[in-house]
Amino acid sequence: MPPDPMPDLPGDLRLTQYGERPAYGDGFRDRLREEIGETEISMILGEVDSSAAAILVTRYLAPGAVTRVTTVERLQAAGFRVVHSPSKTNRLHVSVFPPVAAAGQPIEWDDKLAQIFNACFTDHEGGTEGS
Amino acid sequence: MSTLPMLGNLAWAPVPAIENVEVLDRFNGVPTFGLFSAGNERQLFWRVTGYVPRSSVSIWLYVPLTGADESRLAHCDPADLLGSLIFESHVPRYVTVGIAKDYRLVFEREWRIPENTDSERLLGDVLDFLLDALTIAQHEDMPPARRELVYRTSQAIRELVTA
Chain X
1 MPPDPMPDLP GDLRLTQYGE RPAYGDGFRD RLREEIGETE ISMILGEVDS
51 SAAAILVTRY LAPGAVTRVT TVERLQAAGF RVVHSPSKTN RLHVSVFPPV
101 AAAGQPIEWD DKLAQIFNAC FTDHEGGTEG S
Chain W
1 MSTLPMLGNL AWAPVPAIEN VEVLDRFNGV PTFGLFSAGN ERQLFWRVTG
51 YVPRSSVSIW LYVPLTGADE SRLAHCDPAD LLGSLIFESH VPRYVTVGIA
101 KDYRLVFERE WRIPENTDSE RLLGDVLDFL LDALTIAQHE DMPPARRELV
151 YRTSQAIREL VTA
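Residue numbers (the numbering used here), protein chains in the order written: chain X, 1 to 131; chain W, 1 to 163.
Heads up, a few of these hints could be off.
What the hints assert, rightly or not - Examples of chain X residues toward chain W, derived with CB under 10 Å:
{"id": "1", "residue": "20"}
{"id": "2", "residue": "26"}
{"id": "3", "residue": "59"}
{"id": "4", "residue": "61"}
{"id": "5", "residue": "87"}
{"id": "6", "residue": "88"}
{"id": "7", "residue": "89"}
{"id": "8", "residue": "90"}
What the hints assert, rightly or not - Now the stretches of chain W that chain X is said to cover, found in silico as 3 or more residues with beta-carbon under 8 Å:
{"id": "9", "region": "75–84"}
{"id": "10", "region": "114–123"}
By construction, these hints were calculated from the structure, which means they are not laboratory data.
Glycine residues also receive a C-beta, built at the ideal position from the N, C-alpha and C atoms.
All chains, please: the whole structure from these sequences, using the hints.
Here it is in structure tokens:
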């Protein structure tokens, strides 16, 4: 069983997003594709380098691996919901969900929201912007 | 009922009469590593590559488990499954390689992984195998839409091989 998730993530906790630079991949995902089952954006608890992130996400040293870093409070300040959601083989898994509108429904993750999401990241390790 | 992955199914639930899917890991909400049961048989599924550029294509591996595998798995950390089943296997493994577009299988072929294949070699071997298989497939008789799909997929894999 995965470990219990941390109920409240400290605001200054760093989070790492994994991506694969072209021509190995599409860079960093910066929006949901719910129509094909991508219902959250995955992050890694803490700051890890691209090799460690590749091992966690792909299970090998994927060529073209890149990472970028943000914090919980940067994402939350932009309205994103951040949840520690460990899987059975990745206890550092964090889910990022879109902001919720007044009616309680998640807002659409469009180009504007993707820009806001990308602006939450400051540190890149060899990466390119979103996809 | 066949337990071979079939075209049109979800990449992480690739057979029609699936009984159970145990998701061991996911990325962006999509199961990327786990086990599924069908027809009294379990298979490991693993997304080898996530996003082949500009194609919405991902590559998947399906490993049928033997009785010996099941015994080993009972005492194995889920994170070590790939190592014990593939990377440290002293015998060749017969698997299915699948290509999914938007996470639906569009191409599959059975493949033999040589013994003691490490992860870096596996990726290169999978891509070479798929490129050959797609090239052969393009010479088969098929509807124009499928021919276009096979051609575009082959181009995407070729770019990845070149990279």
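Okay, the hints, checked on the actual structure:
1. 20: holds, 7 Å
2. 26: holds, 5 Å
3. 59: At 6 Å from the nearest chain W Cβ, residue 59/X passes the 10 Å test, so the hint holds.
4. 61: holds, 7 Å
5. 87: Holds: closest Cβ of chain W sits about 5 Å from residue 87/X, inside 10 Å.
6. 88: holds, 5 Å
7. 89: holds, 4 Å
8. 90: At about 5 Å, which falls below the 10 Å cut-off, the nearest Cβ of chain W leaves the hint on residue 90/X intact, so it holds.
9. 75–84: Check passed, 3 qualifying residues.
10. 114–123: holds (count 4)
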